[in-house]
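Peer 1: Residue strings, one per chain:
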Amino acid sequence: DAGVIQSPRHEVTEMGQEVTLRCKPISGHNSLFWYRQTMMRGLELLIYFNNNVPIDDSGMPEDRFSAKMPNASFSTLKIQPSEPRDSAVYFCASSLDLDEGYQKLFFGSGTQLSVL
Amino acid sequence: AQKVTQAQTEISVVEKEDVTLDCVYETRDTTYYLFWYKQPPSGELVFLIRRNSFDEQNEISGRYSWNFQKSTSSFNFTITASQVVDSAVYFCALSGNEKLTFGTGTRLTIIP
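Chains as they are written, first to last, in our numbering: chain A, 503 to 618; chain B, -9 to 102.
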């Protein structure tokens, strides 16, 4: 399997612009997670989906952030409008079912976002 | 609320030395899971181990070993005969009834 695939690897944009990050989870995994990593706050869970349904979005920082999972093989994280403080590495991860607690997470390579 | 503390921010050791990374956790859940992840310079987080709260047996995998002690709420990670390829940031994580919580990580540098 190709693993979790994220695109783009790097994104540089100007404040106020819309940014869309994309993720393809591992085939057969039914849980998908979006994390943000910064020096100040470490790894933060933004949102996770189970069977394409958002389960917990309490980590989404503001209404400027939104995430969708239209099908089992694709998810997006959108920031509109973007701000410099959104600059971070955004990771997508997938796993098998959550019924028995958190399973092993498979992470993508991340998207390095820089908002100027 | 659950919490994971990795007090060691950075560690440097000379190649072939043994090194232990500390992890202390807090949770009120009776059933929980502990994890270690490795983040090499390439940036991707790699799963190393998952341990549930009912299994206190220590585990060894090659040069890696983990010591889980519920009495001290610790889940420490030891690398024996360290190698340059072990240089990375290592994260301890915890999940119970709450979402997975990561520690702040320990940056390990192996000096050739």
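Take these hints with a grain of salt, some might be off.
As the list claims (entries may be wrong) - Rough simulated footprint, nothing fancy, chain B against chain A, three-plus residues with beta-carbon under 8 Å:
(1) 524 to 530
(2) 576 to 589
Stated by the list, open to error - When the alpha-carbon atoms are kept at most 16 Å apart in a straight line, the in silico EDC-like pairs for lysine to aspartate or glutamate are as follows:
(3) A:Lys526 to A:Asp565
(4) B:Lys89 to A:Glu516
(5) B:Lys(-7) to B:Asp19
(6) B:Lys89 to A:Asp559
(7) A:Lys606 to B:Asp19
(8) B:Lys28 to B:Glu0
(9) B:Lys60 to B:Glu0
(10) B:Lys89 to A:Asp565
(11) B:Lys60 to B:Asp76
(12) B:Lys(-7) to A:Glu546
(13) B:Lys28 to B:Asp45
(14) A:Lys606 to A:Glu585
It should be emphasised that the hints constitute simulated quantities derived from the structure, not laboratory data. The structure presented is a predicted model; accordingly, all values stated were derived computationally and were not measured. Glycine is no exception: its CB is placed at the ideal position from the N, C-alpha and C atoms.
Peer 1: Against each hint, give a clear statement of whether it holds in the structure.
Peer 2: Do the hints match the structure? See the list:
Only when three residues or more bring their CB closer than 8 Å to a CB of chain B does the claim for the segment 524 to 530 of chain A stand; here the count is 0, and the claim is violated. Residues of the segment 576 to 589 of chain A lying with their CB closer than 8 Å to a CB of chain B number 0, which falls below the three-residue condition for coverage. Restraint check: the Cα-Cα separation between Lys526 (chain A) and Asp565 (chain A) comes to about 24 Å, which exceeds 16 Å; the hinted pair is violated. For the given pair, Lys89 (chain B) sits about 32 Å from Glu516 (chain A) by alpha-carbon distance, which is inconsistent with the 16 Å threshold.
For a cut-off of 16 Å, the pair hint linking Lys(-7) (chain B) to Asp19 (chain B) stands: about 12 Å separates their Cα positions. In summary, the hint linking Lys89 (chain B) to Asp559 (chain A) is supported, as the alpha carbons are separated by about 11 Å, within the 16 Å threshold. Annotation: proposed proximity of Lys606 (chain A) to Asp19 (chain B) is violated, straight-line Cα distance about 19 Å (limit 16 Å). Pair hint Lys28 (chain B) plus Glu0 (chain B) holds up; C-alpha atoms about 14 Å apart against a cutoff of 16 Å.
Restraint check for Lys60 (chain B) and Glu0 (chain B): the C-alpha separation of about 25 Å exceeds 16 Å, so the hint is violated. About 21 Å separates the Cα atoms of Lys89 (chain B) and Asp565 (chain A), which puts this hinted pair outside 16 Å; it is violated. Our distance criterion of 16 Å between C-alpha atoms is broken by Lys60 (chain B) and Asp76 (chain B), whose separation comes to about 27 Å. For the given pair, Lys(-7) (chain B) sits about 13 Å from Glu546 (chain A) by alpha-carbon distance, which is consistent with the 16 Å threshold.
For the suggested pair Lys28 (chain B) and Asp45 (chain B), the alpha carbons sit about 22 Å apart, so the restraint of at most 16 Å is broken. Between Lys606 (chain A) and Glu585 (chain A) the alpha-carbon distance is near 32 Å, which puts this suggested pair outside the 16 Å criterion.
In this structure, the earlier hints numbered 1, 2, 3, 4, 7, 9, 10, 11, 13 and 14 are contradicted, and the remaining ones agree with it.
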